[in-house]
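Colleague: Letter by letter, the chains look like this.
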Amino acid sequence: MSEYAHPEVLVSTDWVAEHAADARVRLVEVDVDTNAYDEGHIPGAVAWDWQSELCDPVRRDIVSRDAFERLMSQSGIGNDTTIVIYGDNNNWFAAWAFWQMKIYGHRDVRLMNGGRQKWLREGRDLTLDVSPVEPCPYRAAEPDFSTRAWLADVLKASASGSAALIDVRSPAEFTGEILAPPGLPETCQRGGHIPGARVVPWETAANEDGTFRSADELRAVYGSQGVDGSRPAIAYCRIGERSSHTWFALKYLLGYQDVRNYDGSWTEWGNLVGAPVERGLATAGARS
Amino acid sequence: MRVEEFSERSLRLSGWEVHLTTYRLGTIWHCKADNVSPGAALARTSGASREEAEARAIERAEHMLARTKRHVV
Numbered sequence: 000m001s002e003y004a005h006p007e008v009l010v011s012t013d014w015v016a017e018h019a020a021d022a023r024v025r026l027v028e029v030d031v032d033t034n035a036y037d038e039g040h041i042p043g044a045v046a047w048d049w050q051s052e053l054c055d056p057v058r059r060d061i062v063s064r065d066a067f068e069r070l071m072s073q074s075g076i077g078n079d080t081t082i083v084i085y086g087d088n089n090n091w092f093a094a095w096a097f098w099q100m101k102i103y104g105h106r107d108v109r110l111m112n113g114g115r116q117k118w119l120r121e122g123r124d125l126t127l128d129v130s131p132v133e134p135c136p137y138r139a140a141e142p143d144f145s146t147r148a149w150l151a152d153v154l155k156a157s158a159s160g161s162a163a164l165i166d167v168r169s170p171a172e173f174t175g176e177i178l179a180p181p182g183l184p185e186t187c188q189r190g191g192h193i194p195g196a197r198v199v200p201w202e203t204a205a206n207e208d209g210t211f212r213s214a215d216e217l218r219a220v221y222g223s224q225g226v227d228g229s230r231p232a233i234a235y236c237r238i239g240e241r242s243s244h245t246w247f248a249l250k251y252l253l254g255y256q257d258v259r260n261y262d263g264s265w266t267e268w269g270n271l272v273g274a275p276v277e278r279g280l281a282t283a284g285a286r287s
Numbered sequence: 000m001r002v003e004e005f006s007e008r009s010l011r012l013s014g015w016e017v018h019l020t021t022y023r024l025g026t027i028w029h030c031k032a033d034n035v036s037p038g039a040a041l042a043r044t045s046g047a048s049r050e051e052a053e054a055r056a057i058e059r060a061e062h063m064l065a066r067t068k069r070h071v072v
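Chains as they are written, first to last, in numbering that gives the first Met the number 0: chain A, 0 to 287; chain B, 0 to 72.
Below 16 Å or equal to it, Euclidean Cα-Cα: the simulated EDC-like pairs (lysine to aspartate or glutamate) are:
id	chain 1	residue 1	chain 2	residue 2
1	B	68	A	185
2	A	101	A	257
3	A	101	A	68
4	A	117	A	207
5	A	117	B	4
6	B	68	A	176
7	A	117	B	7
8	A	117	A	208
9	A	101	A	7
10	A	101	A	141
11	A	101	A	143
12	A	117	B	3
13	A	117	A	13
14	A	101	A	79
Okay, the calculated beta carbon distance ranges per label pair:
id	chain 1	residue 1	chain 2	residue 2	range
15	B	45	A	122	16 to 26 Å
16	B	9	A	215	27 to 37 Å
17	B	10	A	158	41 to 51 Å
18	B	45	A	50	15 to 25 Å
19	B	3	A	19	15 to 25 Å
20	B	9	A	184	17 to 27 Å
21	A	50	B	7	23 to 33 Å
22	A	160	B	25	50 to 60 Å
23	A	141	B	45	36 to 46 Å
24	B	66	A	55	20 to 30 Å
Counterexamples of contact, computed for chain B against chain A with all Cβ distances above 12 Å:
id	residue
25	47
26	48
27	50
28	51
29	54
Honestly, the hints are just simulated from the structure, not real lab data.
Being a predicted model, the structure only gives us computed values, none of them experimental.
All C-beta atoms, glycine included, are put in the ideal place defined by N, C-alpha and C.
All chains, please: the whole structure from these sequences, using the hints.
Modeller: Put into structure tokens, the structure is as follows:
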């Protein structure tokens, strides 16, 4: 069995239990549902709200460099801090936070494998206490957008096959049967998928317990869909958080060089006037 | 406090598969309902008993799922 390309970016719940009190380590909980932290969190963890702290509050964009530096500082994070992020829903928004931390050049950031659910399942300690944090200086790097796909990149990939497009939503969202995950508000005008995309739902990368599948299994799953590291790949979902999970698996666990997250995702494409849309499971336009 | 009496189960609500996670922390029971595929949280509730927390989550999840429209493809 082969190793992950970058095993250092993934830590186990056991590792977190042993290192949670380490002054060089900062635990951060990032949830889809930001109330989860208040119900109980890993002792010593701080919380980031993806809606207000990991996004620009006015335009649709990731957090600005200035705001990112403030968030790090207020979280007691220095440039040399080891950050371990975990969250609900199999680390969707934890992976989204990881992606932004790499855009701003943080060196040592890791995900807790299995996320919040695995910690709960193992009957571990939670606390309601919010630990005091001593702010510290933080200097972010100039943003590196080589891991981010913009609309123009995706239009080109769809038209020319210059990159493999991976739609990580559920099959029902991919076909256009539903416009959003069941129970959630519809945030697009049209259903379907980007022409040329292959559907590889995000959970394909996860075991039953929420941990990532082995490198060999991941390589087989994505390779069967034409994603093998030999050419660029772009992952997308609805708003960019599920695709961060897949981006993490491809970029850090398999070590594929040119993998980008299209955070505009279906809420951008499915609302775009004149954008080509494919419906159903037809893959006639898929390029591999 | 330790997470105690953790349990998970699946059920169908309004035609969709739902996953319930329930546990006790101290004297408070917590329940989360998610929609299995893709796994997004639908409801997060608490109560004085497992039954109370789960009933609230189920009610809220059912209400949200009932609004989901299926389109002909």
